[in-house]
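Undergrad: Sequence:
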Amino acid sequence: MSHQLSLNSAAIRSEPSHRSEMVNQLLFGESFTVLEESGSWSKIRSNHDAYTGWMETTIVQSSPQESYIQDRILTTTFYSDRLNTLLSPGSFIDKNDPESLSCHFPNSEITISEALNLISKNFLNVPYLWGGRTVFGVDCSGLSQLFLRFCGLHIMRDASEQSDMGFTIPFEELKLGDLLFFHNDKYKIVHVAIVFSATQLIHASGKVHLANFDQKGIYIHSNSYTHNFAFAKRLLNTI
Numbered sequence: 230m231s232h233q234l235s236l237n238s239a240a241i242r243s244e245p246s247h248r249s250e251m252v253n254q255l256l257f258g259e260s261f262t263v264l265e266e267s268g269s270w271s272k273i274r275s276n277h278d279a280y281t282g283w284m285e286t287t288i289v290q291s292s293p294q295e296s297y298i299q300d301r302i303l304t305t306t307f308y309s310d311r312l313n314t315l316l317s318p319g320s321f322i323d324k325n326d327p328e329s330l331s332c333h334f335p336n337s338e339i340t341i342s343e344a345l346n347l348i349s350k351n352f353l354n355v356p357y358l359w360g361g362r363t364v365f366g367v368d369c370s371g372l373s374q375l376f377l378r379f380c381g382l383h384i385m386r387d388a389s390e391q392s393d394m395g396f397t398i399p400f401e402e403l404k405l406g407d408l409l410f411f412h413n414d415k416y417k418i419v420h421v422a423i424v425f426s427a428t429q430l431i432h433a434s435g436k437v438h439l440a441n442f443d444q445k446g447i448y449i450h451s452n453s454y455t456h457n458f459a460f461a462k463r464l465l466n467t468i
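Start counting the sequence shown at 230; every next residue gets the next number (the working numbering).
Hints listed in this document are in silico derivations from the structure and should not be mistaken for laboratory results.
Be careful, since some hints might not be right.
As the list claims (entries may be wrong) - Below, a list of computed lysine-lysine pairs in the BS3-like style, where the Cα atoms sit at most 25 Å apart:
1. K436 with K350
2. K462 with K436
3. K462 with K404
4. K415 with K445
5. K462 with K445
6. K462 with K417
7. K272 with K350
8. K445 with K404
9. K436 with K417
10. K404 with K350
11. K436 with K404
12. K445 with K417
13. K415 with K462
What the hints assert, rightly or not - Between beta-carbon pairs, the in silico distance windows are:
14. W359 with S426: 24 to 34 Å
15. E402 with S267: 19 to 29 Å
16. S342 with G435: 39 to 49 Å
17. E401 with E244: 38 to 48 Å
Quantities reported herein were computed from a predicted structural model and do not represent experimental measurements.
Every residue, glycine too, gets a C-beta built ideally from N, C-alpha and C.
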């Protein structure tokens, strides 16, 4: 059974417990499917990226089973008779229900440069939060997922999954909006960033910020690298 989230965001946990770590967040209007129930928890799968996890059943019960038409949205306030709630970038809203929600929908497609500007405007200095996807906390792959959503492309949730998408780009052919992937000492993909300019990227590490990079990785100053570069991928040409 498919639902659309009616809260501004909801925590998705690895196990059916408040003590379990948050591994993801759903945003307002995103659809999900209930897979099973365990006590006061429901195991769900997000329909846009097939990510699974546990959500409180009370949240499921408050989420309508109506069809929403998706569109990109910047941070704004959702009004109702009893509720004002902040919507985070990337939320989905119902374009066919003007009586309950007033908003502006741009007619033109967003460009890569515009999407990068929106990401920097809304997320710079936002603290890193494992599993986060909102302006109150975001992780590296949540940031890249939201950036590409602004561009009209839905991608997988985790950096390792995102690294399997698109096609590999030689370092010297990088363009704005390409994704940069980084590995740990065991050569496992553990981080993703977005090309922001010829010499800088934007990523979530500690907080969302711009950083310098080269073919070796992300560096603070010469010979001081924080992340080891693995490869780059281009996804936007696959739309």
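Undergrad: Evaluate each hint against the coordinates.
TA: Evaluation of the provided hints:
no.	hint	verdict
1	K436 with K350	holds (14 Å)
2	K462 with K436	holds (23 Å)
3	K462 with K404	holds (10 Å)
4	K415 with K445	holds (16 Å)
5	K462 with K445	holds (16 Å)
6	K462 with K417	holds (16 Å)
7	K272 with K350	violated (34 Å)
8	K445 with K404	holds (17 Å)
9	K436 with K417	holds (22 Å)
10	K404 with K350	holds (20 Å)
11	K436 with K404	holds (24 Å)
12	K445 with K417	holds (16 Å)
13	K415 with K462	holds (20 Å)
14	W359 with S426: 24 to 34 Å	holds (27 Å)
15	E402 with S267: 19 to 29 Å	violated (49 Å)
16	S342 with G435: 39 to 49 Å	violated (26 Å)
17	E401 with E244: 38 to 48 Å	holds (45 Å)
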